[in-house]
Amino acid sequence: MADVSHLIDRLSAEGPSARRLPPPVLRLLRWAVLSVGLMLLATTWHGVRGDLSLVVTRADWLAEQGLALVTALLAGFAAISFSVPGRRGWERLIWLPAAAFWMLVLWESGHQHEAAAHEMPELVHLFCPWCFPVISIGSALFLAADMRRAAPVAPVRMMALLLIAGGGMAVFGERMIHDDLDAPLLVAIQVMAIVMLGIMLAPLGRMLFRWRRADRSGP
Amino acid sequence: MVPLSHHSRPSDRAGPDGCLVTDKDEDLGRLLTAAQEGDRAAYGAFLRAAVPVVRAVGRGKLARPVDLEDFVQDTLLALHQALPTFQPGRPVGPWLGTIARNRLSDALRRTYRRRAMETEFDDGLADTVPQPEVDAPPSVNLGPLLSQLPERQRLAIEMLKVKGMSLKEASEASGVSVGALKVAVHRGIAGLRQLLRKDMDHG
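Protein sequences appear in the order of chains A and B. In this text, residue positions in the first sequence follow this note's numbering: the first is 3, and each later residue adds one. In this text, residue positions in the second sequence follow this note's numbering: the first is 34, and each later residue adds one.
I should point out that these hints are in silico values taken from the structure, not numbers from a laboratory. These numbers come from a predicted model, not from an experiment. The beta-carbon is built from N, C-alpha and C at its ideal position, and this holds for glycine as well. Mixed in with the good hints there might be a few duds.
Per the computed footprint, the stretches of chain A lying under chain B, defined by three or more beta-carbons under 8 angstroms from a beta-carbon of chain B, are [claimed, not checked]:
1) 21-33
2) 146-155
What the simulated footprint calls covered on chain A by chain B, stretch by stretch (three residues with Cβ under 8 angstroms from a Cβ of chain B suffice, anywhere in the stretch; the number is not a length) [to be verified]:
3) 54-62
4) 80-87
Excised from the complex, chain A in its bound form (with noise of 0.2 angstroms):
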């Protein structure tokens, strides 16, 4: 076992590891930028809805955009904030209060257009094959990119969060390209089937967020 001053002489000769992280608003704006940015390129071959004038006037379409939005954007900035030690705990769990009334708002839709709750698609096309896991699985990639940089002090939160976020901004930006996948219900689905992958593909934060094994001892 190496002695601590050698190890600390070692570390200090050695300098810091990396160039200071920006605050979490500042990498949770780059995020929002880099995934915005795999949303029109997903418009690049779907094109936007066309009736995207139309519904930008509706007030329940835009609320449940809206929360869409600000959960995904709240539960990055969970995933961040998880990934620097010592900060508050509500950042935390910011992300749940505006998942919640985003649930409210599609069970009113529900029940205002009760019509339109129940217009399901097939099954096989609850989400769409090409913009959902572009924007997923790219906004999720580069929010691990950014958090591995950080500090891995809650791997499995760190994890869930990130799936989550990047899942509602697939749902964002999905219902900016397609106009058939509006229905509450599936969107409900949609949403309850993202926290469920985040929950169960969690345990892999560990593999993925880890401290890094160096040798003690130095050259």
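Got chain A; can you put chain B on it based on the hints?
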């Protein structure tokens, strides 16, 4: 939020997040900020100042000194990795405390895992386990053979091996030195072995 020091002083005040900011915390913050900007001396000073804080986190939780030292080194490596995440102006205590506690939980997990694999050896365990029967060696009457040995060797064997006297007791009883007794016993046993072999060869 865990303050760096539990003992507040008149110069201590609430930080931007409402947690206690001590002068020591500010000093550490300055060192950490300088370290992030490439000041290696400040980095070394920060790590040295962090060691007692880290050790205090692990003390009382890790029983073996070697585990405590292992935890301190592990935490120093984690601090090295997490260095880019510190934001200047924020308190160092919660940042350092979170990393130290995270490494402590891993260290405790390793300790529990090791304890589950290891067990204390119970000296009385062998008595409770039935031992296999050992075949008794064929009985040989050594009396006639012993009488064939030189006097000194015969006496040494009788005292040490037959009567079970200690070397010191045998030395006092016979007036022969301990070293000489050892040599005599060694040679006597070698002689007995030869006599025994001859005896068996002849019938």
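Practice task
Please count how many residues of the segment 146-155 of chain A have a CB within 8 angstroms of a CB from chain B and say whether that reaches 3.
Solution key: That given contact holds, which follows from 4 residues of the segment 146-155 of chain A lying within Cβ reach (below 8 angstroms) of chain B.
Exercise for the section: Check, residue by residue, whether the segment 21-33 of chain A contains three or more positions whose beta-carbon lies closer than 8 angstroms to a beta-carbon of chain B, and give the verdict. Expected result: holds (count 4)
Exercise for the section: Given that the segment 80-87 of chain A was listed as covered by chain B, double-check it with a C-beta distance under 8 angstroms for 3 or more residues. Expected result: Check passed, 3 qualifying residues.
Problem - Stated coverage of the segment 54-62 of chain A by chain B [criterion: 3+ residues, CB within 8 angstroms] - result: Check failed, 0 qualifying residues.
Of the numbered hints listed earlier, the single one contradicted by the structure is hint 3.
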